[in-house]
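Chemist: Chains as they are written, first to last, in our numbering: chain G, 55 to 235; chain D, 1140 to 1517; chain Z, 89 to 653.
Hints listed in this document are in silico derivations from the structure and should not be mistaken for laboratory results. Keep in mind that the hints are not guaranteed to be accurate.
[What the hints assert, rightly or not] Once the Cα atoms are required to be at most 16 Å apart in a straight line, the calculated EDC-like pairs of lysine to aspartate or glutamate come out as:
#1 Lys245(Z) <-> Glu148(G)
#2 Lys509(Z) <-> Asp535(Z)
#3 Lys134(Z) <-> Glu117(Z)
#4 Lys250(Z) <-> Asp151(G)
#5 Lys416(Z) <-> Glu442(Z)
#6 Lys116(G) <-> Glu183(G)
#7 Lys245(Z) <-> Glu229(G)
#8 Lys419(Z) <-> Glu442(Z)
#9 Lys158(G) <-> Asp324(Z)
#10 Lys226(G) <-> Glu243(Z)
#11 Lys1490(D) <-> Glu70(G)
#12 Lys224(G) <-> Glu162(G)
#13 Lys101(G) <-> Glu190(G)
#14 Lys613(Z) <-> Glu602(Z)
#15 Lys245(Z) <-> Glu227(G)
#16 Lys224(G) <-> Glu243(Z)
#17 Lys101(G) <-> Asp223(G)
#18 Lys175(Z) <-> Asp195(Z)
#19 Lys520(Z) <-> Glu491(Z)
#20 Lys387(Z) <-> Glu548(Z)
#21 Lys328(Z) <-> Glu227(G)
#22 Lys226(G) <-> Asp152(G)
#23 Lys250(Z) <-> Glu148(G)
#24 Lys224(G) <-> Glu70(G)
#25 Lys169(Z) <-> Asp154(Z)
#26 Lys389(Z) <-> Asp535(Z)
#27 Lys335(Z) <-> Glu224(Z)
#28 Lys245(Z) <-> Asp231(G)
#29 Lys207(G) <-> Glu190(G)
#30 Lys137(G) <-> Glu356(Z)
#31 Lys622(Z) <-> Asp564(Z)
#32 Lys280(Z) <-> Asp457(Z)
#33 Lys124(Z) <-> Glu108(Z)
#34 Lys328(Z) <-> Glu381(Z)
#35 Lys335(Z) <-> Glu548(Z)
#36 Lys418(Z) <-> Glu442(Z)
#37 Lys158(G) <-> Glu148(G)
#38 Lys250(Z) <-> Glu229(G)
#39 Lys250(Z) <-> Asp149(G)
#40 Lys134(Z) <-> Glu277(Z)
Owing to the predicted nature of the structure, the values given are computational and were not obtained by experimental measurement.
Residues per chain, in single letters:
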Amino acid sequence: MAKTVVLERKPLSFSERTYLPQIATGLKTTFSNMFKPKVTLQYPEEKPVIPNNYRGVPTLVKDPNGREKCVSCQLCEFVCPPKAIRITPGSVPEDQDDREHVEKAPQEFEINMLRCIYCGYCQEVCPEEAIFLQDEYSSSGFTREEMINNKEKLYELGGTIPDRHYKWDKKKEAETDGNTH
Amino acid sequence: MMEWMPQGLWFEVCLKVFFAFMMVGAVMTMAGYSVLAERKVSAWMQGRVGPNRTVLPFVEYIPIFGPLLKKLGMFQPLADGLKFLFKEEIVPGHVNKFYYYLAPLIALVPALTTMTVLPFGQMYWNDGTVSTLALADLEVGILFVFAVSSLGVYGIALAGWSSNSKYSFLGGIRSSAQMISYELAMGLSLLPVFLWVCAPGSSESGLSLSAIANSQSGGAWLFLVQPLSALIFLIALFAETNRLPFDMPESETDLVGGFHTEYGSFKFGIFFVAEYAHIVIGSAIFTVIFLGGWHFLPFIEDPWPANWIGSLLGVGWFLAKTIFLIFFFIWVRWTLPRFRYDQVMHLGWSKLLPLALVNLIVYLLIVTVIDQNAAANL
Amino acid sequence: MIAPDNKEMVNITLNGIEVEVPNGINAVEAAALHGKEVPHYCYHPKLSVAGNCRMCLVEMGTPMRDRASGEPILDEDGTPKIGWVPKPVIGCATNITPGMHLRTESDLVNECREGIMEFLLVNHPLDCPICDQAGECRLQEFATDYGRGYSRYVERKNVKPKRTRLGPRVTLDDERCILCSRCIRFSQEVAKDDVLGFVDRGSFSTLTCFPGKELANNYSLNTVDICPVGALTSTDFRFKMRVWFLKESKSVCTESSAGCNTLVSSREGTIQRITPRRNDQVNDTWMTDSGRELYKLVKAKSRIRRPSFQGSDLPLDDAISQAFEALKNKKIGVVASCHSSLEEQFLIKRLVEETGAKVFIRGHFGEDDGILLSADRTPNLRGALVAGLTNHYPSDHLNDLNESLADGHVEALLVIGEDLKDSGVNEDNLRKVPLVFLGTHQNSTSDCAEVVLPGLTVFEKSGSLINRSFFLQSFDQAIPCPAGLMTDFKILARLIDLFSEDSIAPSELDQIWEALSSSENSVLKGITFLKIKKGAIQLDESKWEHLSFVEKEALHYLPTGVIAS
Ligand code: SF4
Ligand code: SF4
Ligand code: SF4
Ligand code: SF4
Ligand code: FES
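Could you build the full structure based on these sequences and the hints that come with them?
Modeler: What follows is the structure, given as structure tokens:
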């Protein structure tokens, strides 16, 4: 058993009991602080450095071939705690050469930034590594509608992220290599 | 003494009104800039820069001077005032409308009234006479100040009550309790000062503020003579102006905003300005009583000439002292945390009050002894 | 359909515990009866057993007996010695015999399941994110429950066609097929339209339609339901919505008097699909493709969304008053409907009694397919009989109404949903009288009605219907009704209240059922709506045995009366 030591509190001296010396020390501290360098960033002109694991505005990304990665599985829509995401699924026509195996992609993809709480669940749940909370942190608008990021905006914000996710490429290879029926 | 001026009652009145407006203007401006000072000083003490963006359209382009003013936030009070003016006027449905509107005025008026008796300098006339610069240099100046400034609490209590909200109500109650507690100590702490100033045989009344100020000319400032009185008075002043560490009526952390929780826009603005007006006046009075008013330094005769330049320098010196005190108010606010309500009461009743009594008795004895000696020497 | 219908119970030992099960059912069902899941793919309770997926492997044994004496052989501790079959057997094809021993949770069984899962997943695509089955996929479920959790397969997977059109309503994704053959057996055994089969061998086996044929029968979407994976997909529902968003409400198909039990899946007030709900006495686990399309009526263009009076919109309350104005102090004719729910028909009867109106009712008939699309194309003709709206079997026209209108016996009309012109009523006759129309969709009658009261579709209201076998079945509200509207029986109740001075018509389901079940010699005696919600109730049909119902013999239905010519 841990030993409990009860420390005697030293009785306060007279000057300590008036608190005045302590107040004086405090005043000295605050006063000296007035001349220390300031840490404020002048925001719109100076911007902070965003760390790599920052969770900013959720965005949709494309793969290095410029194809959209999201397959509108709607898992992010399901997991999103404040129901900020709204997806209208759609199918990819067969004749799109570079995406012939993908089949499904969002017709519309909306994230309501008035609802989003930046929890990052969508990024975590996405099976296609298509949605990322990146370094964009400032989102503002004059109307509620402006605060809803649509698919186009989301891809514009997201850009391309080099990925290790080559599912569709592998499928294509397998097909050309003769594993076809 | 005003022979060179046109005579007539109406003229006197007009002149007084004109001076009154000047004075109000000066005090309100100072109150406005104390708000800025508060923001700036707190920012500096916390490693921030404070307001540094507001600027009038063309001033910005004046080289050096323009950017400096902007950096110092010199136009911020203007913007703040405009903001208060143009904010949406919201009156909660549950308030007692009449008193709700009355309260901010009651808070502001006493603050402005006290300044009528505030002496802020001396005028050296060409004929060699000297008169005090004040709207009304009352014989009982300090009593008037006490009487009127404690009316300010009515505004706060009324605001708390008429808002019909528990936070406001608690704020109002605390405020009145605090005022009463510290009023006593404050008054008692000043009695020795009067005793001291009313030297036996002196013709001047010791209750006149200008007399108190002048008594310190060339001699010791009163805070050197009576440090304990000065300390008690200062602490009570903090309490009376509701400044941290005694901001019981507001205490954002436990009462949301205290008495002004339900107030917004310009009504809140008036409370805000009243609070700072109190500080300005309080600092000025402390300067007059304990810091030698417009007189130069302790034990040094005023170095300025006895003409209008001297008058101006005196007023300037007075202002400098007052501004330093305002800074001190701000400085203390950003240094000390708030007392608990019971601690405030405890300090007021069982520490400051007995201390002030003891202080009074001690000086009573001292003054008696000195008086006896003086009488014997006569 | 191997489970025989006998109720003889026998004792078996399931995982070491003695339990009672009906004799002759298979091990999968027996285990399920006692809360033990035996995973299976190819076995379907309503289809023949094929035994080709091997997922249902269990251990089976019987007490050993001495060959010579027939005496049970005992262990050292005196318990009978069990002769376990050395290899696991498939549960779906193992029928229960008295005294049988089963193990569904042994190490061997678990190992077998893991192995089968691994084989099934060897060529299975990583499609779950885009697969419509995800969320209700047996492969997903069993992979998590019984699979090994990771893949050892590093070779390339097979690539097969992903969007083969099998028929107008069914699309096949070959890669996902696990070759369970449920769809093939369904087509042969239930739909009696043998069009599906496997071609090629090994991992290249592929489901396909026979040359020149396609999966176009009216039951084709049932293959999508029974496909344990996402291989067969409904072209209508494909990629529309993930199933975990769907709210499922119990309903009944109103396509015909078969009264298939259904689940209506909706999200945020929009119906996404309709699937069958198992009811072994009515529709097993099937329903027609055409019945699944009915949800489209909710958003149809011709839907009546607003009450109107002489062509201009007005609030529902005012419209009801206008309807009363149009009908009062006249000889009223009421055209009731076999599409209405029993509760609505009851209130129409009440209205008729209150106003002394004359009732006209017609039936709608079509081809009987002998399965689940019956010749009577209304869901509740028997309801009209039970509610007492008519004593005769309705014919498919309203000629008598035409006559009544012509000779002035009817001076005002309340029509529930029917299209009168289509029913043989002369338009000139129709124009003579004020007409109040209560229905869901526009037709020639609503077009010439003075007052139009919007009705609700079966998905927007609750109620009950009586099917061809006199099963009383309830349906639940699946989606909210359009803003400002009321369920039909409430409108009727209000109308009755306007007509009657001294009574208030029941306007809640419970009140209606109180009234319905209280009459002495009604077949509905003692029934409450809650009871119907708990399960279909078979009504006594002897009262109407003499009527010549048009339905032919079909799944779970034998005609009682004379078959109409
Ligand atoms: S972003 Fe990812 S999780 Fe969301 S729908 Fe697209 S693929 Fe699915
Ligand atoms: S970050 Fe969280 S709240 Fe925002 S969209 Fe993603 S899941 Fe929703
Ligand atoms: S069939 Fe099942 S396991 Fe296969 S892709 Fe679809 S959901 Fe996933
Ligand atoms: S398509 Fe589905 S039901 Fe048909 S064999 Fe393949 S997995 Fe079985
Ligand atoms: S379910 Fe028994 S073998 Fe498929």
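Chemist: For every hint, state whether the structure bears it out.
Modeler: Evaluation of the provided hints:
{"no.": "1", "hint": "Lys245(Z) <-> Glu148(G)", "in the structure": "violated (21 Å)"}
{"no.": "2", "hint": "Lys509(Z) <-> Asp535(Z)", "in the structure": "holds (11 Å)"}
{"no.": "3", "hint": "Lys134(Z) <-> Glu117(Z)", "in the structure": "holds (12 Å)"}
{"no.": "4", "hint": "Lys250(Z) <-> Asp151(G)", "in the structure": "holds (15 Å)"}
{"no.": "5", "hint": "Lys416(Z) <-> Glu442(Z)", "in the structure": "holds (11 Å)"}
{"no.": "6", "hint": "Lys116(G) <-> Glu183(G)", "in the structure": "holds (10 Å)"}
{"no.": "7", "hint": "Lys245(Z) <-> Glu229(G)", "in the structure": "holds (9 Å)"}
{"no.": "8", "hint": "Lys419(Z) <-> Glu442(Z)", "in the structure": "holds (12 Å)"}
{"no.": "9", "hint": "Lys158(G) <-> Asp324(Z)", "in the structure": "holds (15 Å)"}
{"no.": "10", "hint": "Lys226(G) <-> Glu243(Z)", "in the structure": "holds (14 Å)"}
{"no.": "11", "hint": "Lys1490(D) <-> Glu70(G)", "in the structure": "holds (15 Å)"}
{"no.": "12", "hint": "Lys224(G) <-> Glu162(G)", "in the structure": "violated (27 Å)"}
{"no.": "13", "hint": "Lys101(G) <-> Glu190(G)", "in the structure": "holds (12 Å)"}
{"no.": "14", "hint": "Lys613(Z) <-> Glu602(Z)", "in the structure": "holds (9 Å)"}
{"no.": "15", "hint": "Lys245(Z) <-> Glu227(G)", "in the structure": "holds (10 Å)"}
{"no.": "16", "hint": "Lys224(G) <-> Glu243(Z)", "in the structure": "holds (11 Å)"}
{"no.": "17", "hint": "Lys101(G) <-> Asp223(G)", "in the structure": "violated (39 Å)"}
{"no.": "18", "hint": "Lys175(Z) <-> Asp195(Z)", "in the structure": "holds (13 Å)"}
{"no.": "19", "hint": "Lys520(Z) <-> Glu491(Z)", "in the structure": "holds (13 Å)"}
{"no.": "20", "hint": "Lys387(Z) <-> Glu548(Z)", "in the structure": "holds (12 Å)"}
{"no.": "21", "hint": "Lys328(Z) <-> Glu227(G)", "in the structure": "violated (29 Å)"}
{"no.": "22", "hint": "Lys226(G) <-> Asp152(G)", "in the structure": "holds (9 Å)"}
{"no.": "23", "hint": "Lys250(Z) <-> Glu148(G)", "in the structure": "holds (10 Å)"}
{"no.": "24", "hint": "Lys224(G) <-> Glu70(G)", "in the structure": "violated (77 Å)"}
{"no.": "25", "hint": "Lys169(Z) <-> Asp154(Z)", "in the structure": "holds (11 Å)"}
{"no.": "26", "hint": "Lys389(Z) <-> Asp535(Z)", "in the structure": "holds (14 Å)"}
{"no.": "27", "hint": "Lys335(Z) <-> Glu224(Z)", "in the structure": "holds (14 Å)"}
{"no.": "28", "hint": "Lys245(Z) <-> Asp231(G)", "in the structure": "holds (11 Å)"}
{"no.": "29", "hint": "Lys207(G) <-> Glu190(G)", "in the structure": "holds (12 Å)"}
{"no.": "30", "hint": "Lys137(G) <-> Glu356(Z)", "in the structure": "holds (13 Å)"}
{"no.": "31", "hint": "Lys622(Z) <-> Asp564(Z)", "in the structure": "holds (12 Å)"}
{"no.": "32", "hint": "Lys280(Z) <-> Asp457(Z)", "in the structure": "holds (11 Å)"}
{"no.": "33", "hint": "Lys124(Z) <-> Glu108(Z)", "in the structure": "holds (14 Å)"}
{"no.": "34", "hint": "Lys328(Z) <-> Glu381(Z)", "in the structure": "holds (15 Å)"}
{"no.": "35", "hint": "Lys335(Z) <-> Glu548(Z)", "in the structure": "holds (14 Å)"}
{"no.": "36", "hint": "Lys418(Z) <-> Glu442(Z)", "in the structure": "holds (13 Å)"}
{"no.": "37", "hint": "Lys158(G) <-> Glu148(G)", "in the structure": "holds (10 Å)"}
{"no.": "38", "hint": "Lys250(Z) <-> Glu229(G)", "in the structure": "holds (12 Å)"}
{"no.": "39", "hint": "Lys250(Z) <-> Asp149(G)", "in the structure": "holds (13 Å)"}
{"no.": "40", "hint": "Lys134(Z) <-> Glu277(Z)", "in the structure": "holds (10 Å)"}
The structure shown violates the earlier hints numbered 1, 12, 17, 21, 24.
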